[in-house]
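> Sequence:
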Amino acid sequence: MCITMNLTPRSQATARSASHRLAPLRPAAAEKPRPLSLDGLRPSSFAFDGAIFDFDGTLANSWNVWHQVDDLFLAQHGFERPTDFSKQMAGRSFIEGARWVVETFRLKETPQEVCDQWNALGQRLYKTQVSLLPGALDYLHALKAAGVPIALATTNDPEVLSSLAHLIDFESLFDARLYGCDVARDKRFPDIYEAAARRLNISPASTVVFEDIPQGLQVASSAGFTAVGVLNEDPEQHQSEVRQAAHLTLSHWDQLL
Numbered sequence: 001m002c003i004t005m006n007l008t009p010r011s012q013a014t015a016r017s018a019s020h021r022l023a024p025l026r027p028a029a030a031e032k033p034r035p036l037s038l039d040g041l042r043p044s045s046f047a048f049d050g051a052i053f054d055f056d057g058t059l060a061n062s063w064n065v066w067h068q069v070d071d072l073f074l075a076q077h078g079f080e081r082p083t084d085f086s087k088q089m090a091g092r093s094f095i096e097g098a099r100w101v102v103e104t105f106r107l108k109e110t111p112q113e114v115c116d117q118w119n120a121l122g123q124r125l126y127k128t129q130v131s132l133l134p135g136a137l138d139y140l141h142a143l144k145a146a147g148v149p150i151a152l153a154t155t156n157d158p159e160v161l162s163s164l165a166h167l168i169d170f171e172s173l174f175d176a177r178l179y180g181c182d183v184a185r186d187k188r189f190p191d192i193y194e195a196a197a198r199r200l201n202i203s204p205a206s207t208v209v210f211e212d213i214p215q216g217l218q219v220a221s222s223a224g225f226t227a228v229g230v231l232n233e234d235p236e237q238h239q240s241e242v243r244q245a246a247h248l249t250l251s252h253w254d255q256l257l
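For the sequence shown, full-length UniProt numbering begins at 1 and goes up steadily by one.
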């Protein structure tokens with residue numbers, strides 16, 4: 001259940017826009033050049049005023065959990081997961097994904113009830129099956145030590161992520177945390193990245209976004225952010241599309257340490 005302003009649609013059916021409590025984006029008066037190599041992303045030579053991070057698939061190896069959730073949920077309703085299911089769901093908020101599932105599979109549940117089932121399954125599996133990608137936490141701490149403001153921008157549920165409190169302290173590590181229902185639209189639109197930039201009081205032109213899905217990379221780039229694609233071991237990631245959508249890609253976080 002969403003209990004703070006940093007909420008996510010998979011546990012709340014009505015998205016709320018946070019624009020009324022966010023400062024306007026700072027004008028890009030002092031734009032910094034986008035890095036031509038990974039050197040511009042290393043903490044010692046960081047070429048931006050701030051960084052925004054997705055979580056699932058970018059900082060954590062949680063893709064198998066969500067594939068399991070989808071398989072279990074659909075099996076309970078007598079379906080097998082279609083081969084393009086992950087691609088159809090990528091970038092959608094939990095509630096938008098639930099609406100799509102209800103309509104596509106003609107389920108009797110409401111989208112909110114689907115979200116509740118997903119969250120229950122996800123929270124249980126996160127506790128035992130999810131870990132941070134190698135080097136991810138070290139990189140976040142290195143940016144913090146260098147004085148770089150960082151934000152989390154995820155459509156995941158805060159209660160699900162709380163299952164990882166033994167691995168990462170979200171509240172103290174991130175200067176801003178944005179969840180799906182802090183903005184009006186999901187990651188097929190740039191709202192969550194723009195809201196994160198507002199929270200950090202920096203412009204898109206001086207901010208880098210780390211993402212693992214092509215849709216997020218495309219909209220972040222279109223909104224003026226530098227988009228860095230994080231490649232992972234998810235067999236359903238569509239890495240060629242990630243490379244095409246991103247300004248740069250990295251295969252593991254140790255490249256930046």
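These are computed hints drawn from the structure, not numbers from a lab. Careful, some of the hints might be misleading.
In silico DSS-like pairs for lysine-lysine, Cα to Cα no more than 30 Å straight-line [claimed, not checked]:
| id | residue 1 | residue 2 |
| --- | --- | --- |
| 1 | Lys127 | Lys144 |
| 2 | Lys87 | Lys127 |
| 3 | Lys87 | Lys108 |
Okay, the calculated beta carbon distance ranges per label pair [stated by the list, open to error]:
| id | residue 1 | residue 2 | range |
| --- | --- | --- | --- |
| 4 | Glu103 | Ser251 | 50 to 60 Å |
| 5 | Leu72 | Leu38 | 33 to 43 Å |
| 6 | Ser37 | Asp84 | 17 to 27 Å |
| 7 | His252 | Gln129 | 15 to 25 Å |
| 8 | Ala184 | Glu236 | 24 to 34 Å |
Treat the numbers as computed from the prediction; the structure is a model and nothing was measured. Built from N, CA and C at the ideal position, the CB exists for glycine as well.
> Check each numbered hint from earlier against the structure, then list the numbers of those it violates in ascending order.
4, 6
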